[in-house]
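As given, the protein sequences belong to chains R and C, one line each in that order.
For the first sequence, this note's numbering begins at 136 and goes up steadily by one.
For the second sequence, this note's numbering begins at 917 and goes up steadily by one.
Simulated from the structure, these hints should not be mistaken for lab results.
Nothing false has been slipped in among the hints.
Stretch-level coverage of chain C by chain R, calculated; a stretch enters the list once three of its residues show a Cβ under 8 Å from a Cβ in chain R: (1) 949 to 955; (2) 999 to 1012; (3) 1054 to 1063; (4) 1124 to 1134; (5) 1235 to 1249; (6) 1428 to 1439.
All C-beta atoms in this analysis are idealised placements derived from N, C-alpha and C, irrespective of residue type, glycine included.
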Amino acid sequence: MSTQTPTQTEESSETDAEADVPSKGDERRDEKRRRAAEERARRQAEEAEKAAADEETVELKVFRYDPEVEGKQEPRFDTFHVPFTKGMTVLDALMYSRDTYDSSLTFRHSCRQAVCGSDAMFVNGGQKLACKTQIAELEQPIRVEPLPHAEVRKDLVVDMEHFYDQMEAVEPYFQTNEYPDGELEEQRQTRENREKIKMSTRCIWCSACMSSCNIAAGDNEYLGPAAINKAYRFAMDEREGEDIKQKRLEIIEQEHGVWRCQTQFSCTEVCPKDIPLTEHIQELKREAVKNNLKFW
Amino acid sequence: MHEHDVIVVGAGGAGLRAAIAAQEAGADVAIVSKLHPVRSHTGAAEGGINAALRDADSWEDHAYDTMKGSDYLGDAPAVEALCQESPEEVIQLEHWGMPFSREEDGRVSQRPFGGLSFPRTTYAGAETGHQMLHTMYEQVVKRGITVYDEWHVMELAVTDEDDPADRTCHGVVAYDIQSGEISGFRAENGVILATGGMGQVFDHTTNAVANTGDGVAMAYRAGAPMEDMEFIQFHPTTLPSTGVLISEGVRGEGGILYNEEGERFMFEHGYANNDGELASRDVVSRAELTEVNEGRGIEDEYVHLDMRHLGEERILDRLENILHLAEDFEGADGLTEPMPVKPGQHYAMGGIETNEFGETVIGGLYAAGECACASVHGANRLGGNALPELIVFGKRAGRHAAGEEMGEAEVTTGKDGDWEAADYEFETEVGETGGQGPAAADGGAVATDPDGVLEAEVERAEARVEELLSRKGRNHAEIRSTVQQTMTANVNVFREEGRLEKTLDDLREAREAYKDVAVSDPSRTFNTDLIHTMETRNILDIAEALTMGALARKEFRGAHWRKEHQERKDENWLKHTLVSWNDGEPELWYKPTILEGENKIYEPKNRSY
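Chain R on its own, in the form it takes in the complex (with noise of 0.2 Å):
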């Protein structure tokens, strides 16, 4: 398991600045975390009880943290029993648990449909969507984590703030330097072309990538798949130009950049949008070898 324990330094700090000013609200909310542990160990029992009836529940052990609250400040599972319907996905199973059971389990989800990106989590030690994972097509008990290689911030939710980082650091936003001159007039684009960049344009930006990639734990600065991914989309954009092209080769030729590669296809085995992310790499370094052989 590599999932990830933020340090406990940290943590003690914010709870001693905490303590310094109790009030009236720290009580009460004291006092709250204890029903709250009791309550869940009351309904914890009665799932026990109930799986133990029903054979038709699933099991799955989710991985809680949450940095200030007590009980919950070392990492632990925990295990709840959820009943089966046909077609469930792991998001619906967790949404479920925290509707049913504890409104404290966190995760972050939106669309349902795999294209807003927010609900990619290590499930049973792969990366994967969690509302296009189908519970039926896994081994119980289902092992739900967040992220590896990321700082977990509260259960199953994880800082994105590296990811966004690197994705922003390839110039993400299309450059040209040459207009139609037509008023209303678009920039022709070829079928081929536009079907050569389809699949980079598909990314929705989940960081299951980036999670899987060896080299990107290793190497904090590493631009990883989805950003190079993304650089790739451009550079073999036909509407934006050779001078164009030239700047994005440079950028990701930089020393965190292809070729820091291993040709490993993790990225692109986790990815939920089949996008070739190995393949997008490996035609940049050759493109880039290309190009530097031009200047010789």
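Could you slot chain C onto chain R? The hints should help.
Quick look at chain C alone, frame taken from chain R:
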């Protein structure tokens, strides 16, 4: 406290476009959104963007189709703005690099869509919204526009004069989901609400979990009326088990609907003898449910959408995303079998009352996109008209808020023009029950200076969060689920008086229950329990106003069908329904529809397809 010229709430298509426009007009602009921009639900839009780009087409034809589609409840100045400006906005997106589907000659492709007289829907496969959202977010990154992501806006900071038209919005109060910090965001020039849809009012919806109508509800409580809320679009092709959308593009490309007996019912049962599957969405949704109700549904629940005859090559080229959705969320292989579909809540035609520049009745408060009602969609939105609305009206609101001179509005807001009070007696009490948390302009602290108004609102928000976190009470989830179920059971495609009245009862009970709501997660870190609890208040306010409108409108127009009133009644009902919060005692009133356009009057015609 954070300070900017313009604050945009929400980071989907309308919000991003508004922010870009405001920045281009010279404003210091910031976006505040409870989701990171690329998580916004614009990304789920599939079909396309209507734009009269070609010589054989014209904005006038687009406007005619839109007015007809709206069942003559659209306001012509807004409709014409949409149709005139959509082409330049689509070209703008292309110039920003959006990967549109292309013709052999390299130009942007267009396809037929329901209710259109010309194939004018531009698209990027069946993932147009995803491409549009990401293209615009790229521009936001390029411009270095400040984004406060995962900040949930709780309330607006609005002065509390008696007449909403005298009030001014000075900013918003938001809760940082990551840290639990509450902060004021002061807007020197204006606040633009771009919070999207409210599908979570229903339980079978294509909308995201985040689409809880926050902007509509907070503007309502601050005094801006909700307009035409009874008009909800139920999309005819959603997957039965999840509500995931199957694009109209499938029917646009030639997909066919069959009932259990294998009949092509749109023709064989006479629902739309000319346009068949490509009739307007309300027509197709009613046809499907009629088939099911008359015993010709499959498993008494759904019908079949078949695209196999289009062939693998065309499907992969234009509808590939549909194959993935049907496979992942319904286990159906669209290449070898028909896909099960049924109507699902999809879009709110109504929303915050605005004029054609996005201005609400409250000074400094704007709205654009699905949360707004200008109105371009009237009683029924045409497929492919939502995305252009985002970019056309997002841009307009952004420019106006940044202080650009844009002329006199023709659409009025508030009781500024003709209006009439509704003479409808609801059997159930509606509105404030007390104990549901504060509302801006609800007779709170009296402050007149902008900072004072904002600070007072921050204090109220802090007290509310403290209250929810510290007290003992019931969880919101059950209340939310009750609301969603009663709305889907009774305020769906088919509506009857008794059940609508019962819904108001149910909603009253839910409001009473909500008085005791509490958050059991004590954490200030990523407390989604708290966020969802606050959202549920918004769902309650919207569900109530929506049901009030549905009861009061005694006619059948567009998406609004009433059992007791089976005709469109133009002599009485060529008017918008408005519900004002009125400091907790909701008031229902009407204002006339504007059918007079730039060069012509859109005379209501029989709407047949």
